[in-house]
Amino acid sequence: MSESLQRQKIILNHFPDDEIEFFATDELVTVEPLEIIEGFDLLNKRSYGPFRPGKRDQVPLWVALKWFQRRKVKKIIVPTWMSPENLELALLDERTEPEKFTSRLPLHWHQVYKLLRESEVKLHDDEKTEEKIKTLVSEILANRKEKMKAEVVSLKPGHMISNIGLTEINIFREAFAHVYKVFDARIE
Amino acid sequence: MTTQEFPSTTSASDNNDNINDINVNHNNDSSTTTYHNADSTVEYNNSLSGLDKEDDAEQIINLLDNDNEENEIFLMDIENVVTSHYDNIKQGYINERCAPDLLPYLKNDVEQLLSSLKQLNIRETQIRQTRMRRVTEKDLVELMDKERAYHYLRCYLRTRLTKIESQCALILKRNEYVDRLSDAEKIFALDYMNMINKHFDDLVWKNIPVELREKESDLLVSLDLSRIIFCRVKEDLGELSVSDNNSSQDTIKLEKDGIYALRYETISSYLIDGSIELL
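Protein chains in written order, with full-length UniProt numbering: chain A, 1 to 188; chain B, 1 to 279.
The set of hints was computed from the structure by calculation and includes no laboratory data.
Just so you know, even glycine gets a beta-carbon here, dropped at the ideal spot from N, CA and C.
Do not rely on the hints blindly, as some may be mistaken.
[What the hints assert, rightly or not] Just the calculated beta-carbon pair ranges, DEER-fashion:
id, chain 1, residue 1, chain 2, residue 2, range
1, B, Arg128, A, Ala150, 55 to 63 Å
2, B, Glu277, A, Asp17, 18 to 26 Å
3, A, Glu99, B, Ser269, 13 to 21 Å
4, B, Arg174, A, Glu85, 31 to 39 Å
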């Protein structure tokens, strides 16, 4: 947990990016341990392990990243939705359906991707494919942002925006807060 | 006020009531540690599937020794396994930060999470005192987990304090909001209100003629309950009326796991009963 996160001032109806990244670290990922690690119980009442070298097992992302840093795991196996095949299909969905967000990506998709990248986790064994994943992710995000711009104008209460990611919600939230501030100031 | 609610790592050692409940096994390097409290019994069955035949034989015996009462709690916990106190506090914090008005205080979750944290602290002090075993990876993960739980708790309570400070007069004026405060928060809100009033009196009001004073209206903030919020629906809730300005009678169907952009006032009751969570 970063120092800055602990000392942050609380602003209502707003989450800074590093805070939603912190929420995303509770997501589960698969790791391949390098040594024997005892199993553990977490306060969210779930148990993990015990871990053996070479035996793949699921842990929360924050544990995986810590172990990766400390070289306790050989690698973090990226989630299946982050495969180039799935991302290609997701991008295709985004392009063909202007009204909807693709159902191929989870809520925390962009945070998980960012966290893995920041920790220099290999997204794929092949370097070319890794580059492709990066391009696809940025294209999907750009596409979704365009979609959101159109949506801000038309978004009315009661709109179902399933499959939207938390990054996108955070952008929306900020946009709305701003729009309302302008309106309130002008109308008064 | 917040500092009162958090037992520090060192002060936890004062409470030795539960020390007998903790069994630390020093027979080998990879020693096993087992708690015998109701909270951890839920893990017992989950861990059975992954147990090693040798090192954990004793653990199994210990777990099987639990009396029936604990097993009942364990069965109850299985049903609630998705909503642990940790998860509730995390979601409670997100809800509190996104909602425009003050939400009910999660008394049970705060208390239960604090007591689990207290037990972890006691265990940690014990391990430190014995100095018999090396610090393992498991200890480090559990330590970090503890810090994360404290972080969410701190954020939850601080968010509420921020809200109480900014909406103090309104909260104290309306009974429904007063009921949502914890005992400590009530004291805080009253003290804060008195302080603000005294400050304003000393600084401004005493210089203004009595007939021109309009104290109350300045402090009463208006809440933007019609603000658009983002929420996920946890169970099918049927039709919801989302008519805007009474011009049209639009209804939408709230489906399980759907994410919606809605006006806060239309779903505030669902948020309190827990069938909707904010994002």
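Now the hints, each set against the structure:
1. B:Arg128 / A:Ala150: 55 to 63 Å: holds, 58 Å
2. B:Glu277 / A:Asp17: 18 to 26 Å: holds, 21 Å
3. A:Glu99 / B:Ser269: 13 to 21 Å: Given range 13 to 21 Å: violated, Cβ gap about 30 Å.
4. B:Arg174 / A:Glu85: 31 to 39 Å: 55 Å Cβ-Cβ, so the 31 to 39 Å window is violated.
In summary, the structure is inconsistent with hints 3, 4 from the numbered list given earlier, while agreeing with the others.
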